[in-house]
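The chain contents come next:
Number of protein chains: 2
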Amino acid sequence: MTDDLLESEVPVIPPGYEQMQWTRGFGRQIGPLYQKNNPDGTYLRAFLVGEHHTNGMMNCHGGMLMAFADTVFGHAISMRRKSHYWVTVRLLTDFISSARLGDWVEGTADIAGEEDDLFTVKGRIWCGERIIMTGTGVFKTLGPRPPRR
Amino acid sequence: MTDDLLESEVPVIPPGYEQMQWTRGFGRQIGPLYQKNNPDGTYLRAFLVGEHHTNGMMNCHGGMLMAFADTVFGHAISMRRKSHYWVTVRLLTDFISSARLGDWVEGTADIAGEEDDLFTVKGRIWCGERIIMTGTGVFKTLGPRPPRR
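Residue numbers (our numbering), protein chains in the order written: chain F, 1294 to 1442; chain S, 1294 to 1442.
The set of hints was computed from the structure by calculation and includes no laboratory data. Bear in mind that the values here come from a model prediction, so they are computed numbers and not experimental data. A couple of the hints might just be wrong.
No distinction is drawn between identical chains; accordingly, a pair holds when it is met within one copy or between any pair of copies.
Think about it this way: if two alpha-carbon atoms lie no more than 25 Å apart in a straight line, the pair counts; the simulated SDA-like pairs of lysine to any residue are [what the hints assert, rightly or not]: (1) Lys1415 to His1345; (2) Lys1329 to Glu1408; (3) Lys1433 to Pro1307; (4) Lys1375 to Val1305; (5) Lys1433 to Met1351; (6) Lys1415 to Gly1349; (7) Lys1415 to Ile1389; (8) Lys1375 to Trp1397; (9) Lys1433 to Gly1349; (10) Lys1433 to Met1350; (11) Lys1375 to Arg1423; (12) Lys1415 to Arg1374; (13) Lys1375 to Asp1396.
Pulled out of the complex, with its shape left as it was, chain F reads as follows (with noise of 0.2 Å):
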């Protein structure tokens, strides 16, 4: 068939995870995005960088790799309140290395404190061996959200 991909040209997902399925709002924007759920209850989020999350230099885009942070920590928030809508209150990302056009950006996340609604959670991007963002972020739950589908 001419209009095949070239192998080389496919992005390849790896195993275990899914696309998530935001079909509205600034998620769907910004996307696709993938997740892997762990048995032990840990998670990662990823992406490929796609052109349109490229800069001017064609490396992804630093407000992007700050937006998935937000997503990737904060979802840590998610997994411990399951039931909550959270708001971000602070957050602080440092910028290690830079992702480039076509990589596959992994990141994940921990809760490292807890105080009645105020959750600090330390995280981390990389790509292969490469980290590319450490950070932390401090979020507030609020109330009840409606039971997800």
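Based on the hints, put chain S in the right spot on chain F.
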């Protein structure tokens, strides 16, 4: 005419703002963004919160505010070093209040410190009288970029 928008539905872009002509990459993806250059060398950037910027609560997504902060704060470097690329080294963002769908969100920043190729920038983002975000960024200039058209 039947396809007239109601007056209340037409986004009102304040005088002096021009839409930024980002035709590719992440800048286009999260746009449209607007910019206003003042005669005294200061500047403003802004955007109208659209559906594609929102989170599940129909407020502006925290990731969008951070991405906007990155472009607003970093632009202070472009004003000081017009012919150089720059990268974000560290960004701290404090979320003070939320921006809602339809809000006109503005931001600016000032260089607080300069040491060789490292710049410390303090910035703020607001909506009318309401502060949305404050933050501090560290940026690093790289080599010269091609002349801007």
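Do the hints match the structure? See the list:
1. Lys1415 to His1345: neither (27 Å within a copy, 28 Å between copies)
2. Lys1329 to Glu1408: neither (28 Å within a copy, 42 Å between copies)
3. Lys1433 to Pro1307: neither (32 Å within a copy, 34 Å between copies)
4. Lys1375 to Val1305: neither (30 Å within a copy, 39 Å between copies)
5. Lys1433 to Met1351: Result: close only across copies, 17 Å inter versus 35 Å intra.
6. Lys1415 to Gly1349: between (29 Å within a copy, 23 Å between copies)
7. Lys1415 to Ile1389: both (15 Å within a copy, 21 Å between copies)
8. Lys1375 to Trp1397: Neither. Shortest intra-copy (27 Å) and inter-copy (32 Å) distances fail the 25 Å Cα cut-off.
9. Lys1433 to Gly1349: Between copies, since 15 Å is at most 25 Å while 35 Å is not.
10. Lys1433 to Met1350: between (35 Å within a copy, 14 Å between copies)
11. Lys1375 to Arg1423: neither (31 Å within a copy, 31 Å between copies)
12. Lys1415 to Arg1374: Result: close within a single copy only, 17 Å intra versus 34 Å inter.
13. Lys1375 to Asp1396: neither (31 Å within a copy, 29 Å between copies)
Hint check: violations occur at hints 1, 2, 3, 4, 8, 11, 13; the rest are consistent with the structure.
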